[in-house]
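Given these sequences and hints, build the entire structure.
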Amino acid sequence: MTKDLNMFPEARIPFGTWGSSYFPAWQSSPLAEVNIGQFAGEGMALIMSKRKVPIRVLDYLVVGSTVPWHYKFWNATVVASCTGHRMPGHHLEQACATGLQAIVAAGAQVQSGSSEAAGVLTFDRTSDSPVGVFPERRAYRRTEVISDVWDNFGFDPSTENAMIASAGNVARKYKVDRAEIDDMVAFRYQQYFQGKESGFIQRVAVPMEVLNMQGKSMGTIADDIGVKKISLQALHAMRELETGVTGGSQTHAADGMATMLVTNKEMAKQLSTRPEIDIRFVAKAEVRVHASCMPEAPAAAVQKLLSKTGLSMNDMAVVKDHNPFAVNDAVFAKVFGYDWHKMNNNGCPLVWGHPQGPTLTRVTIEALEEAADLGGGYVLIFGCAAGDVGIAAVFKVS
Amino acid sequence: MTSNSQKIHAMRQPTLQSLGLGSVLEIFQNGHMPLQTAELVDEVFGPEGQRGAMVISGASGIVGAGKVMQFASRLQPYGIPIIALDLPGAPDGLAQQYKGLQASFGPKAAADIMQYVVRINYDGSSLPAALHQYNPKFLLEAIPENLALKRAHYELFRNAFPGIHIWSVTSGFPSSELGVGIAHPAFPHEINKIFEIVEENPSPQTRLLWSLGLIPLKVSDNWSFVLDVFFCGLLQACLHFCHRTNTPYWKVDKYIRKVLGPNPFRAHDVIGAKGANFLTWSCLHHLSLHYGPLYRPENQLEIRKESGQNWYPLNHFRPLVNWTLDPETEAELNTIVMGALYQMTSLMVHEHRAQPAVMNLIGEVCAQFTRGILAHCRQAGPHGVRQQVAQFHKLLPEAALSPWYPQVFDQMDSPEWQQLYVNAEHNGQVGTITIARESYNRDVDAELNRAIDWLNKQGIKSVIVTGDFHLSTQMVGADTNEFFPAIVQAEEGIRIAATWSATARRLHTEFDVSVGFIHGKRCMGGMLELLMHCHYLIAPSSVSFAMPEVTLPVLPGMEGCHWALRKCPESLRINVLHMLLTGKAVKASETVGWLLDVSGTMDQCLLKAWEIANKGAKAQAPRPFVETGFAMNSLEWAALEPTTDPALQGAREAIAACIDGACAVGLEQALPLQAKYSGEFMTTQLCRRGRVGSERDKIVNV
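Chains A and B are the protein sequences, given in the same order. Each residue of the first sequence is one higher than the last, beginning at 1 in my numbering. Each residue of the second sequence is one higher than the last, beginning at 1 in my numbering.
Please keep in mind that the hints were generated in silico from the structure rather than gathered at the bench. Heads up, a few of these hints could be off.
Simulated crosslink set (SDA-like; lysine to any residue; CA at most 20 Å straight-line) [what the hints assert, rightly or not]:
(1) A/Lys-52 x B/Lys-251
(2) B/Lys-698 x A/Asn-212
(3) A/Lys-50 x B/Thr-329
(4) A/Lys-50 x B/Pro-319
(5) B/Lys-251 x A/Gln-214
(6) A/Lys-216 x B/Asn-315
(7) A/Lys-50 x B/Glu-328
(8) B/Lys-274 x A/Arg-86
(9) A/Lys-216 x B/Trp-250
(10) A/Lys-216 x B/Asn-701
(11) B/Lys-251 x A/Tyr-140
A few chain B residues that face chain A, going by a derived Cβ cut-off under 8 Å, partial list only [as the list claims (entries may be wrong)]:
(12) His-243
(13) Arg-244
(14) Thr-245
(15) Pro-319
(16) Val-321
(17) Asn-322
(18) Trp-323
(19) Pro-327
We put the beta carbon where it would ideally sit given N, CA and C, even for glycine.
Written as structure tokens, this is what we have:
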């Protein structure tokens, strides 16, 4: 440990002042029909109420989302209004890195002294995603119509490849074994359902009843709808879509929101449900790897992070990642010689889905909860993002 | 209370006395109303031929426009011009009111009324010459809530029209600061009859208001009057809760509506957030200067008084995420809201801001409370109130720095507190029971029983049961909020019907002579059932009667299904059946002989009621009353036009079954039987899907 272990010495994440909605799968719930920015704002107020945090203690809001939503032009301000508190803020996005970037941005906001208490609110609705019509003089039709979620998943304009192709490339590069992938996926589902059965998921995710225009209930989002137990046999039987990728070993599109707070030290003690727990920002790293090799980017980011901090994987109490492909975890395990059984306890995006903006926020919240259960320690969060990017960060819970 | 000069004894002081109008018993004793409108019009505006005008300044605003319509419609028969004065650029509030005027009076009468409304513009700093030709006698000022502006406005009028009587509609500035009288009205201004009046002695203008059928209520001179302490204080308490818990305003409204009745946030938006937010802020701001932090306007109110922003989300942001308060948070809401209201009430009682019955009524009629706050205090008891406020101070320690007078609640056993809705008077021979609430509920029932007990103890055997000629101008029936628990539990419905019927029977059995006297616009449903238990029923010919239960539907539960039929000649029973099975209203003059015993002019009715009360059968024989069972076949005998509305048909059949069943048995068996019919009907799908059931779903299922 030779490097600075305190990225934002003044910033803290007050334990327990966080939560997410459940993440229903694409088109499977009333969330498919809502303005997700509004939902997130109202949902944040509800979650903070349950955590006994008056929303008015916040003086800034970092909002993260990747799929355009109605009134996005007004970004954080309109979402803040939906929380019931007119605070300033800004919007940021970086595909699936959005959640972690938003947390770091809030940390920087507090560290700079600009804010005492900044909210992080990330959300996305992949269902019914908007369709953009772009003038494009170089195209045959002079106009391109793009369905924001699916057309972008299917075409990286820098490489002309689909996301899934990057998983295949990396699986081949690292000689990932299909049988190991299936075993891993089966284990990840087992971890998630253990998290549900133990009540862990319920500590993080808050059920939310969605109302229609008339104020009538459209249903309560009280589960990660669409996530079902799956057998190893069923996984073995699945057709391979790319090397190492089946319907079971890749994530699914989903809708949802996740929120947390970043405050200064004094306020963290006031707001935390367990003030004796201290959560600090340690460090962050980002890398961009070769074209169409996205699933190896997270491991590269972690390598950079460890080298920067002088920490090793043995120092980590909790390891959790955004893993849209099981290949991500397999490659990570190979690079570090790390037992993948030890990471992603209680669930991960491979199982509970991929609503982009809030994905890494929920990962972080679950990881911090787990670390507190374990009595503290370093928490390693990492993941990939569109453009062959890897991002990683370490927090310390003590 | 005893009035020695007239030897009239009363359980508590009649509110009429605060207007210098004596007691209700005296009205009957004298055989006429205490005031004649025409005489008061002469006194206030000058005799015919030399009549002056009424000026309403700020006439385009929400208060001014409403009051222009209200006074114009009432003063038109006397040819009084209403000068609607405002700035030329003010949005046209009068035009917005005109639709309502047409709906109430019809296009012809509305146009006639408007002929007496004269619109005049002015620049705010000088009065136009045209005003002089109307000879203004009475100014009702409704300009913006700015002390300096108002004072300058009065100066302007006093200089131009020496001797003009000036009232301000201010909700917050005391008369002592303004230098004029106060007549603070309540929303909706075009129809709400209440005015909080601040003046030493009742002026001719105040008496004129009463004579015109409006409701002037004497309150003391303070920063913010009774209504606004409740109205603004409730919003303030809700804001405290919202800010502690993030609960959205619209959801808090739903919980408050369930517990208390009002929608404090919605009310501000409906009145017009821009003006209402400012007024609420202004009242709270001035209250906080005098009474401390409990009243200090919350930050959101500070912001919204500037922005005029609505409390409810905009249409494109109608709420998406529902909120359900857990029991602990709901208890916190209850503690904050009730604690704050109890503490504020203690201040107002301590300062004698109004008679308890008046204070209680203001909350109900002007601030939408289902039951007045004093009735809530009474239910909680002195210890309960203290406990609630103590809990409130634990949650909001700052509030404890504001005045809190728990000792005022030790007076709860006094008649002033015990008889908020029902009063009784007597002169040693004849008594009156007056009901000052438009709808019958558990409080009225309990107070009515206490009033009967009191008259019994005083040895009074003859009684007139009536409205109070002041706070209540009509009797609309049972308070359907009381039925909500009965919708899911037949036993509760049966209990209510049996209990209230037993009270009503006391009017029949515990007096030698009882006279039901209706003086308001209408008497319907449960109130009519109550009064028909009297040996005699009397009403001026303009009064309307109806049993609208069939339209809700519910079954009449206070013996309406058999009592009137037992007093009705067989040949006229079809009239009672039609009333019960159609729900249509009937004028008093058409009901003599089968529902009423006497109708006529007000004075004739007053005289006759007094005569009967004193002489009983010697003045007029009561209609025969059949106590034994008799056969009815209601549906067939009523021979109504068939209806295509299945709900109406179902309700008719249920009421007919109740009529036939209750009439077929003797008087003793009829009470529990009709209570059973009534209670059991409330749990049927027909009732649950009807108005009462729907209202319950909306209010109770938060």
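Structure-based check of all given hints:
1. About 17 Å separates the Cα atoms of A/Lys-52 and B/Lys-251, which keeps this hinted pair within 20 Å; it holds.
2. Restraint check: the Cα-Cα separation between B/Lys-698 and A/Asn-212 comes to about 16 Å, which is no more than 20 Å; the hinted pair holds.
3. For the hint linking A/Lys-50 to B/Thr-329, the alpha-carbon distance of about 10 Å falls within 20 Å, and the restraint holds.
4. With a C-alpha separation of about 18 Å, the suggested pairing of A/Lys-50 with B/Pro-319 holds against the 20 Å cut-off.
5. Restraint check for B/Lys-251 and A/Gln-214: satisfied, since their Cα atoms lie roughly 14 Å apart, inside the 20 Å limit.
6. Using a Cα cut-off of 20 Å, the hinted pair A/Lys-216 and B/Asn-315 holds, with the two alpha carbons roughly 15 Å apart.
7. Annotation: proposed proximity of A/Lys-50 to B/Glu-328 holds, straight-line Cα distance about 11 Å (limit 20 Å).
8. Between B/Lys-274 and A/Arg-86 the CA atoms are separated by roughly 18 Å; this keeps the pair inside 20 Å, and the hint holds.
9. Taken as a hint, the A/Lys-216 and B/Trp-250 pair is honoured in the structure, with Cα atoms around 14 Å apart against an allowance of 20 Å.
10. For the hint linking A/Lys-216 to B/Asn-701, the alpha-carbon distance of about 12 Å falls within 20 Å, and the restraint holds.
11. For the proposed pair B/Lys-251 and A/Tyr-140, the alpha carbon gap of about 53 Å is over 20 Å, so the pair is violated.
12. About 6 Å separates the beta-carbon of B/His-243 from the nearest beta-carbon of chain A, less than 8 Å, and the hint is met.
13. Hint status for B/Arg-244: holds, given a least beta-carbon distance of 6 Å to chain A, under 8 Å.
14. Interface hint status for B/Thr-245: upheld, as the beta-carbon distance to the closest one in chain A is roughly 5 Å, under 8 Å.
15. Below 8 Å, beta-carbon pairs count as interface contacts, and B/Pro-319 has one with chain A at about 6 Å; its hint therefore holds.
16. Below 8 Å, beta-carbon pairs count as interface contacts, and B/Val-321 has one with chain A at about 4 Å; its hint therefore holds.
17. Evaluation of the B/Asn-322 hint against chain A yields a held restraint, the C-beta minimum of about 4 Å falling below 8 Å.
18. Interface restraint check: B/Trp-323 against chain A, minimum CB-CB distance 6 Å, threshold 8 Å, status holds.
19. At its closest, the beta carbon of B/Pro-327 sits 14 Å from a beta carbon of chain A; the interface hint therefore is violated under the 8 Å criterion.
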